[in-house]
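Let the hints inform the model, and build the full structure from the sequences given.
What follows is each chain in one-letter form.
2 protein chains.
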Amino acid sequence: MSKPPARTRLADAAFALFDERGYEQTTIDDIAERAGLGRTTFFRHYRSKEEVIFPDHDRLLELIRDRLATSSHSTALVAVSDAVRLVLLHYIDEGDLARRRYALTSKVAALRDREIASVARYQRLFREFIADWMGDPTESASLRAELMAASVVAAHNHVLRRWLRGESTDPVAEVDEAMREVLALFPAPASPSEPGAGTTIVAFRTGQNIDALLPSLRRLVEEGAKQSGTRVT
Amino acid sequence: MSKPPARTRLADAAFALFDERGYEQTTIDDIAERAGLGRTTFFRHYRSKEEVIFPDHDRLLELIRDRLATSSHSTALVAVSDAVRLVLLHYIDEGDLARRRYALTSKVAALRDREIASVARYQRLFREFIADWMGDPTESASLRAELMAASVVAAHNHVLRRWLRGESTDPVAEVDEAMREVLALFPAPASPSEPGAGTTIVAFRTGQNIDALLPSLRRLVEEGAKQSGTRVT
DNA sequence: TAAAATACGGTACGCAGTACCGCTCGTGAG
DNA sequence: CTCACGAGCGGTACTGCGTACCGTATTTTA
Chain C
1 MSKPPARTRL ADAAFALFDE RGYEQTTIDD IAERAGLGRT TFFRHYRSKE EVIFPDHDRL
61 LELIRDRLAT SSHSTALVAV SDAVRLVLLH YIDEGDLARR RYALTSKVAA LRDREIASVA
121 RYQRLFREFI ADWMGDPTES ASLRAELMAA SVVAAHNHVL RRWLRGESTD PVAEVDEAMR
181 EVLALFPAPA SPSEPGAGTT IVAFRTGQNI DALLPSLRRL VEEGAKQSGT RVT
Chain V
1 MSKPPARTRL ADAAFALFDE RGYEQTTIDD IAERAGLGRT TFFRHYRSKE EVIFPDHDRL
61 LELIRDRLAT SSHSTALVAV SDAVRLVLLH YIDEGDLARR RYALTSKVAA LRDREIASVA
121 RYQRLFREFI ADWMGDPTES ASLRAELMAA SVVAAHNHVL RRWLRGESTD PVAEVDEAMR
181 EVLALFPAPA SPSEPGAGTT IVAFRTGQNI DALLPSLRRL VEEGAKQSGT RVT
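From first to last, the protein sequence lines are chains C and V. Each residue of the first sequence is one higher than the one before, counting from 1 in UniProt numbering. Each residue of the second sequence is one higher than the one before, counting from 1 in UniProt numbering.
Hints were generated in silico from the structure; no laboratory data involved. Only a predicted model underlies this, so the values are computations on that prediction, with no experimental measurement involved. Any given hint could be a false lead.
[As the list claims (entries may be wrong)] Straight-line Cα separation of at most 27 Å, DSSO-like style, residue types lysine-lysine; simulated pairs: (1) V:K107 - V:K49; (2) V:K49 - C:K49; (3) C:K49 - C:K107; (4) V:K107 - C:K49; (5) V:K49 - C:K107.
[To be verified] Here are the simulated distance ranges between beta carbons: (6) V:D96 - C:A109: 24 to 34 Å; (7) V:P4 - C:R39: 41 to 51 Å; (8) V:K107 - C:F43: 19 to 29 Å; (9) C:A109 - V:E24: 52 to 62 Å; (10) V:D19 - C:E50: 22 to 32 Å; (11) C:F43 - V:G38: 26 to 36 Å.
Using N, Cα and C, we set each Cβ at its ideal position, and we do this for glycine too.
In structure tokens form, the structure reads like this:
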């Protein structure tokens, strides 16, 4: 007859009632009553009705912030890709709880919006990190940081949702693959000190119209040249 | 002594009070009183306190949906880039109102979250459009659609926020440039029927490590080859 | 053992949003 | 002219979230 801590009992009661009646049909009084506690106690453990569903978003965000702060990766994008994996692992760690939450956010617009707002905070964190890391205050670099952050988050969400829907058996491998895709979108400028990073000649044939390729090539070449001083022929 | 319509008076009163006391310090009773109307009338014109700030997000979303539905562009990404420009133009059209809203969303977390949720709806619309357009149900294509939609939205937001902050004098030109950046990230597969789209040989020199380039090149070549049957050497 | 910290319950309040009812103008049909 | 009807507005009352404050019991620490 041991008593689980109040916080746990409240969460259990809440999810049970959400499953039975739905989120909006459940009041906080209902939850407290089912948990055998007072209404005041609920708010002592959770700031709002929504927070019982997203209990540790703040904590996770801080975790990611620390991870980035102490990160020592070769490029900003790799550091962010690495950090975002922590988020995925956190969800996977929650297991069934994450799936129940997904079921709720799929049905209740208010919860979906809340989830989206949380994700946006990660994206903002990433964007600021990348921008700081690049140290380049130009408008072009700023846009690039924005695109990078958005892509990483989108890739993560894509894999996460697949896993939440039960469409993925190995989400960690998938997120690695997805991050490779993102890294491929944003080729890293070469570090000049790196040995073996000399001039390289690449030739390939393609059926694509040259115009379709040009912007990508120009971008690659420009960024390589900016760092190493090679000439574009 | 002409009387503006109630809806307008309510909006004016609301923004005036938000400026004076802040959003959270203003109650709906305050707004109705200042407008010389009853509280009931407020809710007859606006579903919530937030909606007086975002009055026509739904309408704009439908506008974009229609635009996409009747779009006849060469690629999905171009169609979406075109549609997203409508959003930017809408904001620019609002002029000072958009800037006042931005000032509010910058300060009030609840409003920022709401704004983000609205943006996410555009992104979802774009993602679905792109996925449908590609018609390719593979996981890779799905991720690609996700990345495209996220990038277009991120680029738009970037330009929009610059304009809202008064950092941009020609946002339309900027969004066009930003969209070119996004298009460059996702090279379009060549249409085989297009004349002049034969085999092209490209050679260039770069200071980058070949490994850094390889994923990008592979992606370009694969997609070109898939369509036109050229061989990669 | 006294005091202080911790955890819980209860009451009361402010405000958002909903439901419902009643009033007053038009405006057009008979 | 009058009656009916619909549109726009106001008022009252209610539910429910979230906050503030106070009182009480149990445990911990000095």
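Taking the hints in turn, this is what the structure says about them:
1. For a cut-off of 27 Å, the pair hint linking K107 of chain V to K49 of chain V stands: about 16 Å separates their Cα positions.
2. The hinted pair formed by K49 of chain V and K49 of chain C meets the criterion: a straight-line CA distance of about 20 Å does not exceed 27 Å.
3. At roughly 16 Å between alpha-carbon atoms, K49 of chain C and K107 of chain C fall within 27 Å of each other, so this suggested pair holds.
4. With a CA separation close to 23 Å, the supplied pair K107 of chain V and K49 of chain C stays within the 27 Å bound.
5. Taking the CA atoms of K49 of chain V and K107 of chain C, the gap is near 23 Å; set against the 27 Å cutoff, the hint holds.
6. A C-beta distance of roughly 30 Å is found between D96 of chain V and A109 of chain C, which places it inside the suggested range of 24 to 34 Å.
7. As the Cβ distance of P4 of chain V to R39 of chain C is approximately 44 Å, the hint placing it in 41 to 51 Å holds.
8. Range check, K107 of chain V to F43 of chain C: about 25 Å between beta-carbon atoms, so the 19 to 29 Å window is met.
9. Separation of A109 of chain C from E24 of chain V is about 22 Å and departs from the stated range, judged on CB atoms against 52 to 62 Å.
10. D19 of chain V and E50 of chain C have their C-beta atoms about 29 Å apart, which keeps the hinted 22 to 32 Å range intact.
11. Hint check: F43 of chain C to G38 of chain V, Cβ distance near 33 Å, so the stated range 26 to 36 Å holds.
When each numbered hint is compared with the structure, a violation occurs for hint 9 only.
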